[in-house]
Every structure is written in structure tokens, then in C-alpha cells.
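Asks: Assemble the whole structure, with the sequences as input and the hints as a guide.
Read off the chains here:
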Amino acid sequence: MYEGVVQNLIDELGLLPGVGPKSAQRIAFHLLAADPAEVKRLAHALLEVKEKVRFCRVCGNVAAEQDCRICRDPRRDPQVICVVEESKDVIAIEKTREFRGRYHVLGGAISPIDGVGPDDLRIRELMTRLADGAVTELILATDPNLEGEATATYLARLVKPMGLRVTRLASGLPVGGDLEYADEVTLGRAFEGRRLLDV
Amino acid sequence: MHVAHLSLTDFRSYPGVELALDPGVTAFVGPNGQGKTNLVEALGYVATHASHRVATDAPLVRHGAPRAVIRSMIVKDDRRALIELELNPGKANRARVNRSPVSRARDALGLLRTVLFAPEDLALVKGDPAERRRFMDDLLVARHPRFAGVRADYDRVLKQRNALLRTGVLARPGKRRSARRAEDEAGFAEAGAGDVQSTLAVWDSHLVRHGAELLSARLDLVDELRPLVAKAYATLAPSSDAVQLEYSSTALGTTREDLADQLLAALAEARKSELERGITLVGPHRDDLQLSLGELPARGYASHGESWSFALALRLAAYDLLRADGGDPVLILDDVFAELDTQRRRRLAEMVAPAEQVLITAAVPADVPGELIGVRFDVTEGSVTRV
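So the protein sequences, as listed, match chains A and B. Under the numbering used here, the first sequence has 289 at position 119, and the numbering climbs by one with no breaks. Under the numbering used here, the second sequence has 368 at position 311, and the numbering climbs by one with no breaks.
Just so you know, the hints here were simulated from the structure itself, not pulled from any lab data. Fair warning: this is a prediction, and the values are worked out from it, not measured in the lab. Check the hints yourself; a few may be wrong.
Short derived list, chain B residues pointing at chain A, Cβ under 10 Å [said to hold, decoys possible]:
#, residue
1, D164
2, G206
3, K216
4, L221
5, S255
6, S349
Cβ atoms here follow ideal geometry from the backbone N, Cα and C, with glycine treated the same way.
Replies: See the structure below:
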């Protein structure tokens, strides 16, 4: 154990995801040795992120203003909504530059073990967005694990009466990979989702 | 296939041991508590990544040592594979195949196949249904590694569904909510029991999908096992009644779709009691493989010797199946002869003798039948010497 304040810092850093006690100690001593201005900038950035960053009132993505950059962009197709679990998933899809519609961030996935049910997610907000009938396609891009699949199934059932096109991202083989290195589950899924080769 | 070399470091009672093994029969003989079973347990671990004696890895590591290492040289059709497993209790195990590390230890599964007979097998006949479900599922995984994933998915859905049912039972006390959600909580009060019901339907569909896959695989497996078990038992105990295997389940059918429909219907019927008790009452996790001798269930009615023969017949049938799939598995007979009379010993010996490699442990040399005379190692106080 270190003297009070140092140990406090190590404990707080250790609460961050991906930071174990050893890394927390390393970061703490790095900060101790660092230039005071540098540490101030970090502290400022930490406070600012909590004060200034908000969640878009439309899609739930992180935003600097009331609405996020994507929801404000008139060039984005308002007829297609892509549903994701977290804001970081929006970034991942944006990197592809393939999707020109809008997003809806749920804030997680249904997982009874963790006490997360549908009413803990931004599902009601999604239903409000779909209510006026302007949206024609809903893309379910939740994670391809059990909880993500369950959330997708839940949403698909919920919006079924609305009669819009509901699609799920394909799961299968990674591009540029070798077939032999794929694990059995992925390969099995890829078989299930195979498509007709149109030539 | 056969094991050509086994080397253990800090495994169970062994600080270090090196064993060169030959195809054919090898017997490890020595008094109780000297480490005979530890040797074959290590090979069983290489094949299944689990011990047949304990549920966790911690007891496998020699007391005081940080990790255990099992190295084994497997020879199959003149090709050699060196499998190295490092057991780190509480952490992920590491594996190397032919000196190159594999990303996940389970990629090293399936290179060695074993069928292990042990006194613990008696639980297959006398024990709870869970023992028999494990026997079926382990055999499924050994034949088709894909089922390791199916089984894990099913268990995960089951856990989630049970957690949901419990929140229904406890009427959702003090649920965790993010601050952001709390703001617009007003006017959204229709949550509660209805919420559990609607999410339950989602987990139902996933439980049914994975459950039907597991169930249909088990049903096919039992159909394949049935004649093999009957034959093995009749050979071991010709004067006894015929044995029967019946899979008992809420859903029995031929196609996966059919099974899924039946499971879904059974879930709907059990809904009320599930919500009352807070657990999933329908699915392959509640099924059993019913074993009977003549007209009577083996559990409770079969004698000790009959139960033993039944358990051996199940293992022999598993061996036959694996052998038919290609690649003669290594047979391990851990202390099984002591429990059998002379006639059954001889018959078992005749059935296993043709295998490419048979490893036997016995406390008394006289327990090993004459048909299985081969190489002998004496095991005393952790030292293993070839006789």
C-alpha cells in the first residue's frame, strides 16, 4: 500500500475497464512524474467529457449538442435506421462508409443475468421514431452473441405489425481469411446464411 | 492411434516423469495411492481437457507448484503430433501443437481420442440423470467438436432465461437503472410482469432453437448406441437379461423443426409453474437416458455386477462409435478388473485386446487377465519403472 493520495489514484484507475492493479500503478507513477500542465489537460478533458458530452435526443449516440452530427445531416437517408448496442458500434459502422441511413443506439442488450430488460434500453424511443411511418427499413446490427441475437429477435417481434422491412446483419466468414482457420460456429453460420451466386 | 511418449511436470503427485509407451497393451501396477491413475488421468485430460475425477483443474497441479505441464507424443497413421498442455488453475490453459502455440487451448482438442473406463463410470448407471446427459454430450463433442459450441450456447440461454424467470418470481426488486433512463421514467409504467412475459417469448425461441439442435443430436446418438450397447452387454454378461436404452424427454421427434415445435408447446404448458418456481422446466437439460435390464430400470434394480457391466457396455459402445468414425481411440481401463468376476474379466479382455493401444491400471498383477499380458510398469511412490 502506498501513501493515501497515491493509493487513491491507483484504486480509481483500477476501476477503469481493461486496467488491472499493475497497470493502474504504472499509470499512477507516470502521472506523478509527468509535467503538471499535461496532468491538468488530462483532468480537464475528463471533467469536460462529463459536463459537455450529451446523448443525442433522437438516436442516443454521444453528441456535443442536442442532436448528434448524423441526425443533423440532411444528406443521411431518413428511411433507414440501423439499430446498434453502443455508440462505439456507430463509429465502427461509419468507418465502412457503406451506410447512409441513420442510427439508433440502444445502450446495451437484453441480458437478464445483468438485470437488463427491454425497458432499460432505448426501445420506447425507437418505437416513437418508427411511429410516423417514414422509416421503411430497420437494420438490426446488435452484436452476434446470444444477448445481441435475443435483442434482435425481441425488436423484430415488436415491429412486425408495422410492416416495415427488418433485416439482420449477416454473420459468417471474415474477408481475406482462410476457410480452414474459421471456427466451427462461424463456419456453420456461414453455411446457414449462404446465398445464391448470381452470374 | 497411440501415445508414444508421456511426460508430466508438477502434475498431481509427479514433480516430473517421462514414459515411453508402445502400441498394444501396457499395464501400470502398484499398490493404492502410488500414482497409477494420475498417469492415465493426464492422457484423458489431453483428450477432453477435463479430468474424469475432479471438476476443477486446481487438484491436478502438484501442491505448491504454480502450473502443471502434460506433454504427449501422439502417433496416428505414422504421423506424429506433440501436444503440450500447460494447466494454469484459475486462468486459461495454454496449448502447443508440434511446438507452435495455438490461439485457444480447445484447438488442440480432438488430436488424441481416448475412451476411459473408470470406477466412476458406475455413476452412469446408478447416478443422477446429469451423469448420463454428460456421457451423451461428451460423446457428441468427441465425434463432432461443433457441439461444444451448441452445448455452451444452450447453457448460456438457459442461464439468461432462468435469471429472467427469477426476476418474475421476485417481482423485480430494485432494478438497476441508468441515470439517463430515470429522467423519462414517468409515463412508462407498463413495465413489470408483462415485460417479463414479452422477453420470455424471445428467450423461448432461442432456447427452443439451441435445445432442438442438441436434442436431435442426442436422439440420433442414442439410436446409434442402442445396438452397440446391447451387443457389448450380451458379450460381457451372456446369461443376464437384455439391456435397453430409451431417451426420455418432453419432446420426441425426427426432425429439428418438429422437436422445436414440441418444445415450444411444452414451454407454453409449463409457463405457469416456471413463473412460480423461477426455473426452466422444459428442455434437454431435464432429459434422461433411461437404462433398463429386461423390464426393470437398471437404477435401483440392477445388482452391482450388472450395473458395472452396463456401464462398461456404454463405454464399449462409445469406443465402437469413435472407432467407426476413423482413428482407433486409445483405450484406458482404470482399475476396472478388480470389480469383475473371472468370466467377465476374460470377456472384457477379449473385446479390448484388438485395440491399437490399451492402457491398464491395477493394484494387483493377478487382476489383469492373461489375454492382456503386455508391457508392465511398476508404480511405487511416484516412480514408474518398466519391468
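Asks: For every hint, state whether the structure bears it out.
Replies: Each hint, compared with the structure:
no. : hint : verdict
1   : D164 : holds, 8 Å
2   : G206 : holds, 4 Å
3   : K216 : holds, 6 Å
4   : L221 : holds, 4 Å
5   : S255 : holds, 7 Å
6   : S349 : violated, 35 Å
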